[in-house]
Amino acid sequence: MAVLDIEQPNSAPLSTVAISNTHGEDSPFFAGWKAYNENPYDELNNPSGVIQMGLAENQVSFDMVEKYVEEHSEESSWGKGAPGFRENALFQDYHGLKSFRQAMAGFMEEIRGGRAKFDPDKIVITAGATAANELLTFILADPGDALLIPTPYYPGFDRDLSWRTGVNIIPIHCDSKSNFQVTPEAMEAAYKKAESMNTKVKGILITNPSNPLGATIQRSVMEQILDFAIRKNIHLVSDEIYSGSTFSSTEFISIAEILEARKYREAERVHIVYSLSKDLGLPGFRVGTIYSYNDRVVTTARRMSSFTLISSQTQHLLACMLSNKEFTQNYITTNRERLQKRYEMIINGLRSARIECLKGNAGLFCWMNLSPLLEENTKEGELALWDIILNEVRLNISPGSSCHCSEPGWFRVCFANMSEQTLEVALRRIHDFVEERKKGKLN
Amino acid sequence: MTQRRRSNQNSSPETELQTPETTGATAMRLIVPLQGIVQGRGGLILGSLIPCALFYFLQLYLKRNRSPNPPPRSTSSANLGELPRTSSRSNLSSRGSIGPVQISVRASSIAKPSDSPYYIGLEKAAEDPYDRLDNPNGIIQLGLSENRLCFDLIEKWVSENLTDSIMGREGGELSISGIATYQPFDGMTELKVAMADYMSQVMGRTVLFDPSQLILTAGATPAIEILSFCLADQGNGFLIPTPYYPGFDRDIKYRTGIELIPVHCRSTDNFMLSMTALDQAFNQARKRGIKIRGILLSNPSNPVGNLLSRDMLYGLLDFAREKNIHVICDEIFAGSNYGSEEFLSMAEIVESEEFDRTRVHIIYGLSKDLSLPGFRVGVIYSFNEKVLAAAKKLTRFSSVSAPTQRLLVSMLSNTRFIEEYIETNKKRIREIYHLFVAGLEELGIRCAESSAGLFCWANMSSLIPSYSEKGELELWEQLLNIAKINVTPGSACHCIEPGWFRCCFTTLSQEDISVVMERIRKVAETCKSSC
Numbered sequence: 001m002a003v004l005d006i007e008q009p010n011s012a013p014l015s016t017v018a019i020s021n022t023h024g025e026d027s028p029f030f031a032g033w034k035a036y037n038e039n040p041y042d043e044l045n046n047p048s049g050v051i052q053m054g055l056a057e058n059q060v061s062f063d064m065v066e067k068y069v070e071e072h073s074e075e076s077s078w079g080k081g082a083p084g085f086r087e088n089a090l091f092q093d094y095h096g097l098k099s100f101r102q103a104m105a106g107f108m109e110e111i112r113g114g115r116a117k118f119d120p121d122k123i124v125i126t127a128g129a130t131a132a133n134e135l136l137t138f139i140l141a142d143p144g145d146a147l148l149i150p151t152p153y154y155p156g157f158d159r160d161l162s163w164r165t166g167v168n169i170i171p172i173h174c175d176s177k178s179n180f181q182v183t184p185e186a187m188e189a190a191y192k193k194a195e196s197m198n199t200k201v202k203g204i205l206i207t208n209p210s211n212p213l214g215a216t217i218q219r220s221v222m223e224q225i226l227d228f229a230i231r232k233n234i235h236l237v238s239d240e241i242y243s244g245s246t247f248s249s250t251e252f253i254s255i256a257e258i259l260e261a262r263k264y265r266e267a268e269r270v271h272i273v274y275s276l277s278k279d280l281g282l283p284g285f286r287v288g289t290i291y292s293y294n295d296r297v298v299t300t301a302r303r304m305s306s307f308t309l310i311s312s313q314t315q316h317l318l319a320c321m322l323s324n325k326e327f328t329q330n331y332i333t334t335n336r337e338r339l340q341k342r343y344e345m346i347i348n349g350l351r352s353a354r355i356e357c358l359k360g361n362a363g364l365f366c367w368m369n370l371s372p373l374l375e376e377n378t379k380e381g382e383l384a385l386w387d388i389i390l391n392e393v394r395l396n397i398s399p400g401s402s403c404h405c406s407e408p409g410w411f412r413v414c415f416a417n418m419s420e421q422t423l424e425v426a427l428r429r430i431h432d433f434v435e436e437r438k439k440g441k442l443n
Numbered sequence: 001m002t003q004r005r006r007s008n009q010n011s012s013p014e015t016e017l018q019t020p021e022t023t024g025a026t027a028m029r030l031i032v033p034l035q036g037i038v039q040g041r042g043g044l045i046l047g048s049l050i051p052c053a054l055f056y057f058l059q060l061y062l063k064r065n066r067s068p069n070p071p072p073r074s075t076s077s078a079n080l081g082e083l084p085r086t087s088s089r090s091n092l093s094s095r096g097s098i099g100p101v102q103i104s105v106r107a108s109s110i111a112k113p114s115d116s117p118y119y120i121g122l123e124k125a126a127e128d129p130y131d132r133l134d135n136p137n138g139i140i141q142l143g144l145s146e147n148r149l150c151f152d153l154i155e156k157w158v159s160e161n162l163t164d165s166i167m168g169r170e171g172g173e174l175s176i177s178g179i180a181t182y183q184p185f186d187g188m189t190e191l192k193v194a195m196a197d198y199m200s201q202v203m204g205r206t207v208l209f210d211p212s213q214l215i216l217t218a219g220a221t222p223a224i225e226i227l228s229f230c231l232a233d234q235g236n237g238f239l240i241p242t243p244y245y246p247g248f249d250r251d252i253k254y255r256t257g258i259e260l261i262p263v264h265c266r267s268t269d270n271f272m273l274s275m276t277a278l279d280q281a282f283n284q285a286r287k288r289g290i291k292i293r294g295i296l297l298s299n300p301s302n303p304v305g306n307l308l309s310r311d312m313l314y315g316l317l318d319f320a321r322e323k324n325i326h327v328i329c330d331e332i333f334a335g336s337n338y339g340s341e342e343f344l345s346m347a348e349i350v351e352s353e354e355f356d357r358t359r360v361h362i363i364y365g366l367s368k369d370l371s372l373p374g375f376r377v378g379v380i381y382s383f384n385e386k387v388l389a390a391a392k393k394l395t396r397f398s399s400v401s402a403p404t405q406r407l408l409v410s411m412l413s414n415t416r417f418i419e420e421y422i423e424t425n426k427k428r429i430r431e432i433y434h435l436f437v438a439g440l441e442e443l444g445i446r447c448a449e450s451s452a453g454l455f456c457w458a459n460m461s462s463l464i465p466s467y468s469e470k471g472e473l474e475l476w477e478q479l480l481n482i483a484k485i486n487v488t489p490g491s492a493c494h495c496i497e498p499g500w501f502r503c504c505f506t507t508l509s510q511e512d513i514s515v516v517m518e519r520i521r522k523v524a525e526t527c528k529s530s531c
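Residue numbers (this note's numbering), protein chains in the order written: chain Y, 1 to 443; chain C, 1 to 531.
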């Protein structure tokens with residue numbers, strides 16, 4: 001006789017949110033992580049383990065942050081005898097520490113080379129960009145409404161923007177012919193799709209620099225996107241979380257610069273999301289912000305941020321760090337250089353294995369084209385290849401299908417979350433795999 | 001304005017207008033077939049179509065000519081009037097297409113300025129805060145349940161232990177690499193272990209908490225919201241005894257759409273929950289078509305400050321089992337239990353009996369007992385695996401910041417410090433409580449019996465001009481604007497009896513109390529003379 005189910009027949013029911021699987025943790029994107037967690041690569045202890053190339057974390061510039069904290073430990077905590085501690089520990093105002101907002105505004109300006117100005121009073125603090133994106137979705141759209149998002153996009157959006165909000169994502173399909181850049185036709189097509197589903201589109205959300213493409217959006221395309229939002233009278237959310245991770249200082253054009261050039265006409269529909277998780281490599285600190293040109297959105301977001309405030313201790317520490325111009329200037333420049341170096345290393349390594357990537361200029365990853373290696377040019381073919389790469393080559397990379405890419409065979413490969421030695425091991429494994437595959441095909 | 005131009009209409013409204021002569025001729029052509037129908041000759045279809053068509057065109061005509069030409073718009077203002085409209089159906093039909101870009105319906109209600117005295121009072125007091133030296137005429141804040149009595153102890157600990165706590169000592173080197181990278185969203189294991197032990201300590205070591213059933217969140221505010229998202233759907237309800245913490249209206253209703261169904265408690269019962277009232281409220285809600293999914297209690301209660309007895313806790317579990325609903329216990333003031341009565345956690349009750357534990361969930365946090373509201377540390381403790389699994393995933397939106405986690409692992413693991421803190425804290429709250437309540441008594445204001453929390457529940461009904469919510473709010477305004485003290489009126493807490501006010505006293509020093517009493521006395525005298 002079968003063992004009785006432990007579930008008691010009268011346990012109180014749970015909500016739809018609790019039992020739905022919109023959390024998406026059954027998808028390959030997350031399955032790869034599980035495989036990594038079970039068998040993580042370690043240079044000494046587990047050299048044949050899975051190398052994590054699916055996590056967009058920045059570990060190349062960590063030493064600079066560490067050095068700062070070491071040299072300024074007193075200043076960035078509460079000073080001798082901790083006189084500032086009390087006030088800081090009691091500070092739960094959802095406006096956020098003024099000094100922190102000022103430092104953040106200054107940092108965002110520096111990243112953009114001073115080409116845009118940010119007002120600290122338009123900054124709303126959130127515990128990470130994940131929370132910022134969800135919060136904006138709650139504010140801009142009602143359940144059943146839709147946001148348009150260009151593909152390929154960060155797989156986490158499916159969960160972050162939809163789960164509790166009830167808002168749908170409608171993809172704007174981009175393809176390799178246009179280097180995956182958004183086109184007005186693609187935007188119109190997505191909008192029409194929404195109409196045919198009787199769904200109201202409330203906004204368009206772009207990530208610039210793009211995840212997973214690892215490339216900035218061209219100025220002309222940004223203008224077209226803004227014009228589209230104006231035409232349809234919808235919001236524009238620009239997730240600029242990788243803005244400080246561009247390889248050059250001039251190729252990134254923020255929506256803020258475009259607005260400034262237009263003298264802030266139509267600005268009240270634009271909102272920027274930022275965070276320190278990528279540029280500063282501090283995802284554990286949970287620091288995100290919403291910057292909105294719309295006062296009503298700022299007020300509402302602020303109130304709603306009660307659910308996701310940043311620890312006042314962390315705000316204080318970062319206010320000190322980010323207002324230290326010597327630190328920030330050095331950090332931004334050095335971080336860019338190191339990321340560029342990593343990027344070149346991986347591109348060259350892949351090229352020697354005859355693998356091409358999309359031309360990138362930002363981010364912590366590259367967008368790799370493995371379509372020549374597919375058995376069949378379909379999503380299933382891509383997932384089959386992904387499975388082999390995960391379990392045999394033992395590299396966790398992210399399949400394009402989990403990013404809703406309409407063309408099979410593309411993969412996102414992170415390069416900044418490991419040492420150079422580990423990256424070399426990974427490149428060698430890829431090289432060997434491609435060789436084997438070719439031999440296999442010839443046989 | 002948008003109805004004036006539809007994209008598939010190229011002609012201007014003027015040419016569509018019918019001149020009087022043609023109107024007459026057209027009318028004749030329409031009426032004749034109608035006459036035919038009436039006289040039994042014409043087609044039925046034509047007879048029904050024509051009036052409908054006439055009606056439709058009439059509406060169209062009226063719509064087009066409803067508004068006069070709008071004034072010319074300046075090109076510099078951010079608006080959309082001049083831009084051509086697309087033919088998208090949804091654009092035309094949605095209200096959002098008219099005028100500036102809209103925010104969502106659910107955000108609109110939050111965008112409005114708050115009309116709750118709870119929030120208004122907090123804001124006003126923050127704008128003009130009392131300071132004994134710098135601003136002696138400022139507003140004294142008695143509306144925020146904050147505890148400032150034991151900061152000297154924490155400051156001492158921080159200055160003695162600081163570098164170790166944030167930096168950690170991995171291999172003897174100062175390093176933040178352990179805390180900078182992605183952490184589990186529901187909290188570091190070390191902190192869960194430390195928190196479980198701390199909670200046990202705070203609650204008198206009568207119950208053990210299992211770290212694997214514990215989830216950490218950025219404050220108790222998201223803890224209660226996340227739990228609500230897991231236990232009920234939009235439109236469902238939680239029963240909640242009144243008076244209750246005004247923040248619940250926001251924390252639970254804002255985004256989840258869950259309703260709070262009040263279960264009124266009375267001064268004759270010292271505002272203790274009655275099972276009869278609970279049952280009645282359940283049935284009434286059901287009649288109104290609202291599905292009740294749980295009971296939400298605060299124990300120690302806010303704003304009254306009383307404790308739930310063992311019998312009451314058992315009674316609630318029985319009720320919950322009978323109705324097959326959840327029980328949520330907000331135990332955030334557990335360590336502020338200064339009275340002689342022992343605090344009893346729901347976790348203890350559940351542990352000792354073979355109850356269906358999967359319906360019990362506890363909320364906790366460090367904002368009250370440890371006075372660290374700025375650090376954003378909350379706890380969901382549940383006996384339900386599925387709830388834990390779902391809530392864990394939701395913590396991605398509300399995680400505790402890693403440096404703060406590291407600091408707290410250090411602080412909470414220092415059991416000797418915590419023990420000293422808990423004892424001293426209770427002692428100091430008790431002292432201030434007695435002074436404050438005695439001060440009110442001298443003014444003829446009595447408080448409800450309480451033994452926990454950072455506040456007292458004062459009966460000022462003898463001072464209000466009329467025994468109603470309106471009278472209560474008038475007194476509240478006088479206290480805020482004339483006496484310049486911010487207290488929370490019972491109506492903001494949904495209390496069914498007018499005249500009760502929550503007064504938080506743990507932000508005061510002993511000297512401040514006499515200032516507060518003097519100010520209240522002046523207002524009390526004016527009230528007595530005019531009542």
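Treat the hints as calculated values from the structure; they're not laboratory data. Keep in mind that a hint or two might mislead.
[Stated by the list, open to error] Heads up, incomplete: computed chain Y residues facing chain C, CB under 10 Å, no partners named:
1) SER48
2) ILE234
3) SER311
We put the beta carbon where it would ideally sit given N, CA and C, even for glycine.
Do the hints match the structure? See the list:
no. : hint   : in the structure
1   : SER48  : violated (23 Å)
2   : ILE234 : holds (7 Å)
3   : SER311 : holds (4 Å)
Checked against the numbered hints given earlier, this structure breaks only hint 1.
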